[in-house]
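Top line first, the protein sequences correspond to chains A and B.
Here our numbering is used: the first residue of the first sequence is 3, the next is one more, and so on.
Here our numbering is used: the first residue of the second sequence is 962, the next is one more, and so on.
Treat the hints with caution; some may be incorrect.
[What the hints assert, rightly or not] To be clear about the criterion: a stretch of chain A counts as covered by chain B if any three or more of its residues have a C-beta under 8 angstroms from a C-beta of chain B, and this derived list gives those stretches:
(1) 33 to 46
(2) 71 to 77
[Stated by the list, open to error] Covered, in the sense of this in silico footprint (three residues per stretch, anywhere, with C-beta under 8 angstroms from a C-beta of chain B), are these stretches of chain A:
(3) 127 to 141
(4) 145 to 154
Since the hints were made in silico from the structure, they are not lab data.
Note that the structure is a prediction, hence the values are computed from the model and not measured.
All C-beta atoms, glycine included, are put in the ideal place defined by N, C-alpha and C.
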Amino acid sequence: MARYAMVIDTKKCVGCMDCVIACKTENNVPEGFNRDWITYETIGKNPDLHMEIRSERCNHCDNPPCVYTCPTGASHIHEPGGTILVTAEKCIGCKACIASCPYDARFVHPDGYVSKCTFCIHRVEKGELPACVSVCPTYCMHFGDLEDAESEVSKLLQSRKYHTLLPEAGTKPQIFYLT
Amino acid sequence: MQEIFITRHNHLIDPILGVWEWQIPIYLFLGGLVAGMMIISGYFILIGKKPNTKCSCFRMPVLGLIAISAGMFALFLDLEHKLYVWRLYTTFEWMSPMSWGAWILLLVYPILALTALIRIPEELADKYPKIKSLSSKMNEKPFLLKLSGASSMITGGILGMYTGVLLSTLQARPAWNSSMLWVLFLVSGLSSAAALVHMIGKEEEERRMLAKADNAFLILELMILVLMMIGFFTSTEAHQQAASLILGGEYTVMFWVFIVLIGIVIPLIIQLNAVNHKVQHTPIAPMMVILGGLLLRFLMVDIGQYSHWINTAFTMP
Chain A
3 MARYAMVIDT KKCVGCMDCV IACKTENNVP EGFNRDWITY ETIGKNPDLH
53 MEIRSERCNH CDNPPCVYTC PTGASHIHEP GGTILVTAEK CIGCKACIAS
103 CPYDARFVHP DGYVSKCTFC IHRVEKGELP ACVSVCPTYC MHFGDLEDAE
153 SEVSKLLQSR KYHTLLPEAG TKPQIFYLT
Chain B
962 MQEIFITRHN HLIDPILGVW EWQIPIYLFL GGLVAGMMII SGYFILIGKK
1012 PNTKCSCFRM PVLGLIAISA GMFALFLDLE HKLYVWRLYT TFEWMSPMSW
1062 GAWILLLVYP ILALTALIRI PEELADKYPK IKSLSSKMNE KPFLLKLSGA
1112 SSMITGGILG MYTGVLLSTL QARPAWNSSM LWVLFLVSGL SSAAALVHMI
1162 GKEEEERRML AKADNAFLIL ELMILVLMMI GFFTSTEAHQ QAASLILGGE
1212 YTVMFWVFIV LIGIVIPLII QLNAVNHKVQ HTPIAPMMVI LGGLLLRFLM
1262 VDIGQYSHWI NTAFTMP
């Protein structure tokens, strides 16, 4: 069974927001909302500061609290790939999934249902890359199947150091940041 | 130093999560109140209170039906996709507390209706003779009365627990991650219901008994709050930060003044004096207890949404 994941090289990401614009255009994301965004994180003590720029989105967790809390089954794991999706026709807009997501990756679409990153599954199932990955000018974003040891994402995770976001939350995120 | 800057500004999400507004605390409060009413009325029915007495236990199921309907209406108002509400009842998601809640609420209605049938209001009895005869038949069978009392207590307990479990399972919000939350909401619901009977009850003995019970519930509530605090301070940094929101943080005044002082300590002192015959029973203390119970739900819903995990995965190279 395939397991889709995204690997983002923070050494290459310049925070240009091309991925954000591509997502909004591809998925017709309503004005004022974002399915993906850029985070600039700085740590350390002046002058010894260290900065990381990340393109963030739904982590398509392996242990997804949003799916578990959904009372109608609208939030679900889409196979093959293990992508977390929302069926708009089943969503009642109770917002339990939003409250259960430690990444605040979801929002209420103006039409009343909960929306989020889909890994552009409509493109992936046609053999294309997610819109954000396809437009990245620094080639810092990689998408593929972690179950395939020969895939680009698997090889990157074998050869480079990486971290995920809030691993202590126990959600097993499937977006990996190379450091 | 850790500075995080994000380019996202989603409505109701940023800068602080605010997806649940007044509707959810109202729903949780009314759910807890009804749970308490079901347990108290169920207890009196179970111990054999006769319908011809003035016992509030026979009025509470009717009030409960009204209160739970108002709570469910508040919940309905909170939904963003209202026309799809029926979807709740097309599936049972066993991992989802909200799904459990939807089905529990369906169970609450017939149990409340059954206990309400024991003593129906006279106007209703005159208008609907069939309901009157059903009520008479029920009263002829003591076993059925006891069964309805026990069912009311059990269902009320489940409902009261559920209101806390709903929040505590949302582990993304540290302020809700306490295994004590369901106990707190259950006891608070019992306390509010006891205060209501203390306030509106017509039987002196019943009022005195409920005032004593309410004092016990209030002391228990204080103990649970202390245990919750200990739990947070012995947990992760995110939980410690969540607890600090009421210890010098944004919610300090609301918690200590409105919930602890006005909602628990002052009414407890008044009621302790009242049960010891030092002051008269007045509606002031019960009203404060009920207000405290309501504000507790508002505080918990708000503070949970305010609290969040802290990213520690990014470290110095």
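Going through the earlier hints one by one, which of them does the structure break, listed in rising order?
3 and 4
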